[in-house]
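Throw the hints in and build the complete structure from the sequences for me.
Next come the chains, spelled out residue by residue.
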Amino acid sequence: MAGFWVGTAPLVAAGRRGRWPPQQLMLSAALRTLKHVLYYSRQCLMVSRNLGSVGYDPNEKTFDKILVANRGEIACRVIRTCKKMGIKTVAIHSDVDASSVHVKMADEAVCVGPAPTSKSYLNMDAIMEAIKKTRAQAVHPGYGFLSENKEFARCLAAEDVVFIGPDTHAIQAMGDKIESKLLAKKAEVNTIPGFDGVVKDAEEAVRIAREIDGVLLSLPRLECNGTISAHCNLCLPGSSDSPASASLVAGITGYPVMIKASAGGGGKGMRIAWDDEETRDGFRLSSQEAASSFGDDRLLIEKFIDNPRHIEIQVLGDKHGNALWLNERECSIQRRNQKVVEEAPSIFLDAETRRAMGEQAVALARAVKYSSAGTVEFLVDSKKNFYFLEMNTRLQVEHPVTECITGLDLVQEMIRVAKGYPLRHKQADIRINGWAVECRVYAEDPYKSFGLPSIGRLSQYQEPLHLPGVRVDSGIQPGSDISIYYDPMISKLITYGSDRTEALKRMADALDNYVIRGVTHNIALLREVIINSRFVKGDISTKFLSDVYPDGFKGHMLTKSEKNQLLAIASSLFVAFQLRAQHFQENSRMPVIKPDIANWELSVKLHDKVHTVVASNNGSVFSVEVDGSKLNVTSTWNLASPLLSVSVDGTQRTVQCLSREAGGNMSIQFLGTVATSSLSVEICLFWTFQVAEGQEICVIEAMKMQNSMTAGKTGTVKSVHCQAGDTVGEGDLLVELE
Amino acid sequence: MAAALRVAAVGARLSVLASGLRAAVRSLCSQATSVNERIENKRRTALLGGGQRRIDAQHKRGKLTARERISLLLDPGSFVESDMFVEHRCADFGMAADKNKFPGDSVVTGRGRINGRLVYVFSQDFTVFGGSLSGAHAQKICKIMDQAITVGAPVIGLNDSGGARIQEGVESLAGYADIFLRNVTASGVIPQISLIMGPCAGGAVYSPALTDFTFMVKDTSYLFITGPDVVKSVTNEDVTQEELGGAKTHTTMSGVAHRAFENDVDALCNLRDFFNYLPLSSQDPAPVRECHDPSDRLVPELDTIVPLESTKAYNMVDIIHSVVDEREFFEIMPNYAKNIIVGFARMNGRTVGIVGNQPKVASDSISFTPWNYARRQYRPYFAGCLDINSSVKGARFVRFCDAFNIPLITFVDVPGFLPGTAQEYGGIIRHGAKLLYAFAEATVPKVTVITRKAYGGAYDVMSSKHLCGDTNYAWPTAEIAVMGAKGAVEIIFKGHENVEAAQAEYIEKFANPFPAAVRGFVDDIIQPSSTRARICCDLDVLASKKVQRPWRKHANIPL
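Here the protein sequences line up with chains A and B, keeping their order.
Under the numbering used here, think of the first position of the first sequence as 61, with each following residue one higher.
Under the numbering used here, think of the first position of the second sequence as 6, with each following residue one higher.
These are calculated hints, taken from the structure and not from any lab test.
Computed from a predicted model, the values in this text were never measured in an experiment.
Keep in mind that a hint or two might mislead.
Said to hold, decoys possible - Residues on chain B that point at chain A, a partial pick, calculated with CB under 10 Å: (1) V235; (2) C274; (3) D278; (4) H297; (5) P305; (6) L313; (7) R332; (8) E333; (9) I337.
The beta-carbon is built from N, C-alpha and C at its ideal position, and this holds for glycine as well.
Quick look at the structure:
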């Protein structure tokens, strides 16, 4: 692998940054037209430099051609490993994705329908047609879409096409939260106390919620469906109707409870309720969301473990009964039950707990004859008690952190196992080497409930691949559209280091060096999380974001010295622009007489406060006096580059100048955060009857997620500017409160 | 962490100016004391314009004084004033009284430098008789204009004047005419820029109208032939100053002004920025500024910018930003006739003029004509079309670039000229001819990129090969044809049964760059990502372009 990289790196450099002398330009431009597709695939190859240290054995024949039934970064990720293994690839795409990266990377591509996922990436008939047409021998489903669809797995089996994943039985067993919980119990895996049946309506939800208390309860009157009903009738002393039970309930109320979709995943259709009212609301919203996302509105309720960590174990099984656990991933930093920052290993687990969790996970995998890569999710409370949450029978989004610390290429292992080869590793071979952190970079506005999706076109895009220990899994390129049809994830940014400190330092640098223009992104939030003192100490839980930012995320709060640094950088940048404006190619007819200014006296307005700054320069070094304190700012002052690396009194900073107006307004990304410009539109929530603080005002559905907008303060609704079913944009006035 | 930073260097420049003047005053000490005292007194009075009270009133209106404006506009210490001692010569209506004499009268004139480059400036002083134009005032302006023409350097006028000095009668009118004459003489010789920073009414408006660019300051500047009172008495219309001739009216509806800025400081800073794009005179080549952006930079984001469906909109400004140096584009008339984009940018440091059709916007004149004012609607069919306003906007810009040796880069996505009675009655034939004329007449380097549609007569107009385009490129998404498939099929296959098949055949034949490429009407079909590199390279070669035209007194553009 290493040799391979040494070989291609200069090529990539030539393709991306090389300068052609003018006389060669015509020729090389034509050449570039031809090399166009190659250019992207090289870029992506470069991404995978940290991938799988375990080599690929060319004698081990797997498949000739694999169809990747997915899009975006995961499709690219799978195709990369296929290329490494010498397997031809087929991409599928919707109309709007015709020129996306995964299509360019694959050897063949088939259009499977229009933009909406239900008509393209979930369109089994069209995908089966594509498989037949391209004669693909196997299908890798990625994550999401059809990855955990047993129907799809069955269809493939009927056509003698290999599904790269576990067999149908395991998908079915683990795909249903109720059934999986019962199976886990049987395999002696710790589970969360809760009600293992399907909840019929909101009132029943409330009743169950009240009664859950550490032991499994059941309501005799409740109808449960299918195979599960048998397990539901574990009657406990005192039914819910009896007065004795009522008093029991009052004393040992089960709140808080978690309401979740039986078919769910990824935080969709999942809600926490702290009282009866919230249970009713939660039931309604979750069942709607479950119906729209999964076409299955069955819900279940279980005890909500307060302040838990979300830690999951990666498992890998083969068709010969072998199964391994590949250590854990800590995925506690979440918003709306969707992961944002993940790392491996977890700073919280000791070797003993790790082994106990790993062994239970493997036990569960064996119990369902699991034969692929999968993930067993646990909730871990502060006393290191862990409870089985669910098992994901697919490749997880956050699998790269496990690959970094174990050195395995999970996609490669999945393909091998699917072909029927036994695992190449023993449990003892699996170690933890170093530390890896993954940030999910989303096109969303972190200042609005930690991330409201945004859409747009990436007018500029540059991944921080020039830094050491950085891996970027992405499926986009400059000019790509983040559309309303699909997940707003831009990329997964992974950094790897010998220890956690190094990995986090590299992450901060990588985030500073990431250029994303044209869409709102969450880099500010990610960067704040990874430098937060609680996070650095490892004191995290799934409630981290709401605990640390109770009033919502507000961006980085500058310290005095950081503010001075920013003012010094901004002033130097301003002067650098002013000086450059005087550099003309000399015209002999009329000489340019540059003004001689020794000291630039500037007044800089930052956060409505005016600061006095005096700047002077000597070559590339600026001496800046900010409100009385002196700083030296050094840089190459390349004013065309989106990234500006500066050194302020020896402290290295990377800033991005996002916009600059002749009138003096500048916006600079410094320590991840960018100020909203003076023209930013305020989002106001207003209505015509009294609403209590925290009361739900309206529900906005975006990116298939229902986001409930609640009143920030008690007030009277003045007017409503939208109707149910309207499409609303960012900054649109919905409801007015007074 | 970031922030909207506002950096202003007002104070520094003012103090430098004042100290320079003091030094000048001291140097005269060898002369007789009484004369010296008188000189110093006059200078001191001149610096105060109409007096502190009027200066305060000017500030209260959110406006800077004439001298403050000059000090912000020019490099610190570079202003050399002329005619500081000139006074008006009117003796009627008590004007001869000492209290009605102000050294320098109601305008400050002189020369200075912007980023080291010479410029002549006049700045009308509203604190002296409301900036009204006297014979002396006009004479001062004419003097610097004459010198600017002989030296070959631009003139910038900062207009803030109530109008003619009524006490002077015809002398004031003569003054206007003297200025108009020089505006016309200077036209095409040196760039002339007007920045309207206060009222500008009556005959006075024609001086800015004759200059190359007119900029305005929002909320404090007005341009009209007659004010709201006269309008009321003549046409019985109730209209405010702002509605009649404010910055918004002139930058969106009338097209009189080219851009509006937030306030005096913003306007002057932007003017400095803008000035850097311009050559000093028609004898000079387009300026080349230091550039950090590699000329061979590939722009991969352009490969996917044109949507697959040919009726879907995209933003041509995105293409311009991606291609030019450092994404810097100084757009001219951004809010008027938005279906065409014009403005200045740099390629490898050299100033270029950009003209582009805007597929995101249909004609805005559809909504402004009285015939169908109520029926304003977006019709994608017309997106990026040429209409009366866009033709005139484009033509004037192209002629400016041609006059001042600024190469033209044209991005074409045009479905044709806008049809309809409104356009025909308004004279689209006459106005459309202006753009055609301007492109055909232009002898500066002309590079054209057809990004998508180039239909019909509009294809010819948009700097086509046939109008002596030097380099004409087509992107793979280009469709060069007489009209769109639907219209064409209705004519060619009239009465034909299988319309869809016919359309498909037409699309296969014409909705691609090949018909034009095989005839040599485009020089190459290029990958969009290489556009910047190709244009930069072409401009280097074309820098020495020379064209001889037959002698004539002057050409006769269809006005």
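So, going through the hints one by one against the coordinates:
At its closest, the beta carbon of V235(B) sits 35 Å from a beta carbon of chain A; the interface hint therefore is violated under the 10 Å criterion. Taken as an interface hint, C274(B) checks out: its beta carbon lies about 5 Å from the nearest beta carbon of chain A, inside 10 Å. A distance limit of 10 Å between C-beta atoms decides the matter here; for D278(B) the minimum to chain A is near 4 Å, and the interface restraint holds. Residue-level restraint check for H297(B) holds (minimum Cβ-Cβ distance to chain A is 4 Å; threshold 10 Å).
Given hint, P305(B) at the interface with chain A, holds; its Cβ is 5 Å from that chain's nearest Cβ, closer than 10 Å. With its C-beta approaching chain A no nearer than about 6 Å, L313(B) sits inside the 10 Å limit, and its interface hint holds. At a threshold of 10 Å, the smallest CB-CB gap from R332(B) to chain A is about 8 Å, leaving the interface hint in force. A cut of 10 Å between beta carbons decides the hint on E333(B): the least distance to chain A is about 9 Å, and the hint holds.
A hinted interface residue such as I337(B) counts as satisfied when its beta carbon comes closer than 10 Å to some beta carbon of chain A; here the least separation is about 14 Å, so the hint is violated.
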